[in-house]
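The residues making up each chain are set out below.
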Amino acid sequence: MSREKDFQTINESIKKLFLAEYPTSRIKVNAQNKLIMIDGQMYRFSITTNLDYRKINLKKIQMKSKKGKLRSKNSKRILTKIAMMATVAGIGAAVHLTSSLNEKDTVSQVTTEYTSAVPEKQTIPYTIVIEQEKPKENDLEENTITLFKEIVFTDTLGYEKKQETIQEFGNFIEEYSKRYGLDYNLNVALFTQERSNDRSNPNYNNVGQITELLCGEKITAPVYEEEKFIGMDKIYILPKCYDNYPLEALETMGNFSEFSNLEQEKIQEAIGLKKEGYEIYRLTDVKNTVSLNIKVSCAYLSYLINKQQNLVKGLASYNMGYTRINEKVSEEEILRGQVTEADDPNYLNNIFRYLTKEELEKGFTIQYASGEVVHYQIEGMDYEKETEHSIRR
Amino acid sequence: MEDTFFLDTTEGSIECRVITNLYSEKRKKHYLVYEYVDEKNDDLYVSSYDPEDETNTLNDVSDSDELREVTELFESMM
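Residue numbers (the numbering used here), protein chains in the order written: chain A, 20 to 412; chain S, -19 to 58.
Since the hints were derived computationally from the structure, they do not count as laboratory data. Please note that a few of the clues may not be correct.
Claimed, not checked - Incomplete in silico selection of chain S near chain A, CB under 8 Å: (1) 12; (2) 17; (3) 41; (4) 47.
Where a beta carbon is used, it is the ideal one built from N, C-alpha and C, also for glycine.
Could you put the whole structure together from the sequences, leaning on the hints where they help?
This is the structure:
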């Protein structure tokens, strides 16, 4: 068997292993360079083993850029015109241990060297460990949000609304804030600002005020477990026209002749995305199921914060739309309430008014998909000043 | 046989190992993907280059969109 075919087999075996662990993820393997990509995130892998277990260790890496002059007697060959894969490294540089699935789909240790005969197979349990150190306090990147406009803290009614948010929805807000690396206190304030106070309102369960505008958006958000990155959630909401049809019938409904061309396109897109591991939801379910609503709202917020690479712009985008908060709009304009085309130019202050002084002093911590953990310190305002209507908390 | 080279930068010389070459049809640019031989640094590096350039200059890919596209191109080659 040629070396290339050897590596192809190893790549496929390792890919199968990871797909068993991350069934909805996009996995690419390059065994000769000990690289794995899971949903677009790159890792180096190494395998440690003993008689009782095998551990595949993953370390998250980045692709960076450098400039300089290349110096080598093989420079002409290296800087070729034709894109080609690097020649296979020697066996010694390759993965020493591989695994392949036997007929019963269990993991078995096959060989330690490609040139040696395949020994008798034995089944060994395995675990996949993603190496990610918890950032130390002084390693956190610090950032500042300057309050250019006075916060008018809420009155008694506002305080009660916030307490209701915590009592009724706090569990889900906590769960999904942790899942997507967001700040719990900030999210409680955001959902308090967003949600309806009127229980008789049919939109009452739409805590995050998800609208039709989100239909057809490919939402991807990094997922954390105990503050360690474990993968990506991918979410797609079907157009409103699909609300009265069963989700189970999505792939079998024919050519959807009762829908417009654009609606049909979106539904076809959803069918394709489902195969790529996207979670597909109906708008009506997202608006009316509280847990799903908070999940999608938090995922969408994380998606926007990561897309904007900025908490203030991410928050503003949640209310005003991503395209409105483009690179020409500054953080200061947002915080001064100067994005006048928005329905609520004072959106950020309207969220902050539900925070306590202590919560503002503590600041917010956000985990970005890049691996950065950023702590935002709030400054610039005398927020000790309380209005005559605010209460001491 | 693996290809290695020295990258001469303003910070000194670094020994590198070639991972692959890439070509972007969209940007009409060539890229070299490589890693440091010193395994303490696990990251991958990418630089753009002109095959006709005899000075063997490797250029920075500083634009984040371009870097993202190169990463996607690399993934598609895996």
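Answer holds if the nearest beta-carbon of chain A is closer than 8 Å to that of residue 17 of chain S; otherwise answer violated.
At 11 Å from the nearest chain A Cβ, residue 17 of chain S fails the 8 Å test, so the hint is violated.
Can residue 41 of chain S be said to touch chain A, with a Cβ gap under 8 Å?
4 Å, holds
Less than 8 Å between beta-carbons is the criterion; does residue 47 of chain S satisfy it with respect to chain A?
At about 6 Å, which falls below the 8 Å cut-off, the nearest Cβ of chain A leaves the hint on residue 47 of chain S intact, so it holds.
Status of the residue 12 of chain S interface restraint (C-beta, 8 Å, chain A)
7 Å, holds
In this structure, only the earlier hint numbered 2 is contradicted, and the remaining ones agree with it.
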